[in-house]
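*Asks:* Kindly produce the complete structure, drawing on both the sequences and the hints.
Just so you know, the sequences run in chain order A and B. Residues in the first sequence are numbered consecutively from 1, following our numbering. Residues in the second sequence are numbered consecutively from 1, following our numbering.
None of these hints come from the bench; they were simulated from the model. Here the structure is a predicted model, which is why all the values come from computation and not from measurement. For every residue, glycine included, the Cβ atom is placed at its ideal position computed from N, Cα and C. A few of these clues could be false.
[Unchecked claim] Label pairs and their calculated CB-CB ranges:
1. B:205 x A:499: 34 to 44 Å
2. A:253 x B:182: 18 to 28 Å
3. B:182 x A:499: 35 to 45 Å
4. A:212 x B:182: 14 to 24 Å
5. A:560 x B:3: 24 to 34 Å
6. B:37 x A:560: 42 to 52 Å
7. B:278 x A:536: 48 to 58 Å
8. B:17 x A:536: 54 to 64 Å
9. A:106 x B:185: 40 to 50 Å
10. B:25 x A:600: 15 to 25 Å
11. B:360 x A:600: 47 to 57 Å
12. B:311 x A:544: 47 to 57 Å
[Said to hold, decoys possible] Below are the PhoX-like pairs computed for lysine-lysine, each with C-alpha atoms no more than 20 Å apart in a straight line:
13. A:541 x B:396
14. B:29 x B:53
15. B:393 x A:541
16. B:37 x B:58
17. A:422 x A:184
18. B:393 x A:548
19. B:319 x B:291
20. B:33 x B:43
Chain by chain, the residues:
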Amino acid sequence: MDYEIIVVGGGHAGCEAAIAASRKGHKTLLITGNVNNIATMPCNPSVGGTAKGIIVREIDALGGVMGEVTDKTLIQMKMLNYAKGPAVKSLRAQVDKIAYPREMLKVLRQEKNLLIKEGMVEDLIVKDHSIRGVILSDGVNITSNIVILTTGTYLKSDILIGSTRTRSGPHDEQPSLHLSDNLKKYGFNILRLKTGTPPRIERSTIDFSRTQKEDGDPKYYTFSHTNQHYYNIYRQEPCYLIYTTDETKKIILENLNKSSMYGGLDDITAIGPRYCPSIEDKIVRFSDKEKHQIFLEPESRYYSDIYIQGFSTSMPRNIQEQMVHSLPGLEKAKILKYAYAIEYDAIYPTQIKPSLETKIIENLFTAGQINGTSGYEEAACQGLLAGINAALKLENKEPLILKRNEAYIGVLIDDLVTKGTKEPYRMLTSRAEYRLLLRHDNSDLRLSPKGYDVGLLSEEKYQKFLYKKEKIYELIEKLKEIKVTIDTEKRRTTMSVFEYLKNPTSSLKEIIATFHLDLDYTDEVMEEVEIQIKYEGYINKVNREAQKQLKNEEKQIPPDIDYDKVANLASEARQKLKEIKPLNIGQASRISGVNPSDIAILLVYLRKYYHE
Amino acid sequence: MEDTIVAISTSLGVGAISIIRLSGSEAIKIVNKIFTKNLSQEKSHTVHYGYIKDNKEKIDEVLVTIMKEPKTFTREDVVEINCHGGIATTNKILELILKNGARLAEPGEFTKRAFLNGRIDLLEAEATMDLISSKSEEARKISINTLTGESSRLISILRDELIQIIGNIEVNIDYPEYEDIEQLTNMKILPFIEEFKRKLQEIIDKSEDSKMIKEGITIGIIGRPNVGKSSLLNALIEDEKAIVTNVPGTTRDIVEGSIIIDGVVFNIIDTAGIRQSNDIVERMGIEKSLKIIDSADLVIVILNNNEELSEEELDLLEKVRDKKHLTIINKIDLSSKIDRSKLKDTYIEISVNKNIGLDKIKAAIKKLFNLGELKTSDLTYLSNARSIALLHKALKSIDEALTEIRNNSPIDIVEFNLKEAWNYLGEIIGEVYTDELLDELFARFCLGK
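*Replies:* Take a look at the structure:
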């Protein structure tokens, strides 16, 4: 074999996969269409956001790189949902689109076991339903034990603007023309998805006096658990808020049939994400709304493009000009890049296992948009897990499968492989039923031991984590010991700080100040302790619920089960079970179309025939 | 296949005919062993006349219905034996069947099998159980309403109201910077949640009435020996032409009989006479009688007009003061020796022997239980214990939410409780977590980049 692992694609999934695989000591090759496009951000200039910010924390806790690279290249940082509850707080960074890929490339190049090669993969080498390597467009064969496909939007992608359809990837890059057809040939079902991106505007042509300035937070935050920040809170780049006008609405409605999605093209079958509608979608579907919010976001300190968030469209260029000029402050704006929609092929994610290995070809892994997701963070976390699990497979070890109560990454992968998706899948806090456990603050407590166990998280970071964990424990114990006396109008009460903290209006910092307590701990430790104490009741409740569900997670379903032999299963359930091949009863119960009665029947069958 | 189960599927002693039902692969084989006719070659869904026999002794003249899977209630082989309602005979047949290899069914196990075998869904399963156990016409109507989904509709409406709030909060959380979507704050949702609580409470109240209609009300008659407890009981029952039975329960109290007033079943429990006693057995009986005061829905204390009030009787009257109770003075046709000034409550004067005042008792019962204005006139309310328990859980979650709102806790914590309530309501109608919430999010709000 030429390599142990080949990663196809240099996007956010591919980078994490390649780094994880090579850091675990495996000879890895990353194949990309263009080295200059490694880890670029073809859409919004930000990393994180609600739920997604927590995913970046999780990537970092496991030993991935997205968090640190973001920390080093961000130009604005915000903690979202600060007051809405401990579980929904999440970081979002505006990232410099030039600096981020440059930094990522630097990290990749430092990896001793990793080689980067330019090329276009058009086919796979498959023998006995097992991967042997890849075939490039120039006919060159490269062999490997494992292949990880992270092809993003490059599978047979079409760029749609108005009534024109052009076969191309983002950045006018060459797409992979045959790989998805070849995947179909091997037995994969192919899904056609669509997404879009808004126009970019020349900064100097915008009248910012007509916009509302949105600054970053005046406090330091980092995605990485090293807590090392590289930016200056006083030198953050602002974003700007504006609203669409009556004129915008009028232009869109008058020209609706020119949009690719509304008649401009009559051969659109791809499904776009509901959470990321084009501006024409918003105006048609919410016709009673007078105006829609638009954010102007800087893309980089190295060039002057401004990204118009909320304004993605597939209108023809001349209509885009009119639309942009109808926005306040953008009357004279110069469009640098026009908006477009992009259609691309993906595989039905129910064809992959929770380890991200495909069910159809052994040792072939997939991650990112090819699995039907959308978003840099969603891609990166899958890439990381695919890289880890590819390496573990080579080492003959059990895959790392994160549970729904352990990580958003677990929720994401479980949703994909169990429920599948019809639209590009984006993570939302509402997808996580145990979100009170999946917090920004405890991402390392949840995942760093796992990252260390699989051999990815460095010894240095792990020691740092252990120290923090010890401090948390120590502080909780101290707070149980320290008694304070509180006088109210009615009575005087003495209680431990631990008890007092359960009071919803109390705060640890205030208590320390009021009672002059000699407690010297980092903000990070104090925040963690405060959340654990204050929300103990809720956290315990969710934990109990999760444990109840976990029981079913431990009831394994033998891989050789023949669902045709299980009498009385509803036919829809039987068909879905055959397709998804759930690993355990917990996963089976989450498949849509599998009812509680089917699960009961399955349990009875398993008990009888496998004596479990 | 599962083992074969058996149970008496009619209320023991209530009807003129009892039905014993078996389900499972051995059902036909087992009955064949104790039936005078050979059933092994008979077709499905046929009825057979014959005798149940214990060796050569004929036990009862019966009709046996055999139904082979899959077209049966449980989707297993089912056999039903219609026998003559007597308790002794029915029990004897049941014993015979158990001896021949069947297992006594757990409560609701037939329905559980029907459910597990995919024959019925969860709500149907519950309603069917209720239908089987319904004791009066009124109860039957409620069961049918459940089957037709009336109560599901009621819960769905409540859930829909809640999901709108939850959906809005979720959007606020997942899209924190969309200022054109209303930001729900604790103060904004407080009036809504208070109103929601009121509606939920109303459904609970009506449902509990509904439960009362279905499961009946327990009346304990209590008093000294020979004050006329039994004769009052008999008179009440005689008047309603109800069936009098004597079913000694192992752990339960002795239900002497049931009467129906305005469609509601009243189960009357006889008790041992209360008096000072040194006899151990009698004292145990008296202890038990006193416990009735705690367990019965209504306690009727009978006094004898012809005897002076004893200490025990005064104690008794004190004990029942906090309960629903009626004080009755019997034997007013005899000379009065009771000092009525010692009675703190109102009382009803009757004479069972002369048939004086029985109407007054019934009128008083009606009044005590608001039978005239039971809230369940449209009978669409939930009536089984599981549903009511879930309603209470939902109410508790709503209360928690209100507490968190008043503490000004973060909205995510408030929403946690609302979601919990929403899930409990969902459990009642068998809705498990689906993508409902996400669909709501995307259908109602304009979101995106």
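*Asks:* Enumerate the violated hints, using their earlier numbering and listing them in ascending order.
*Replies:* Violated hints: none; all satisfied.
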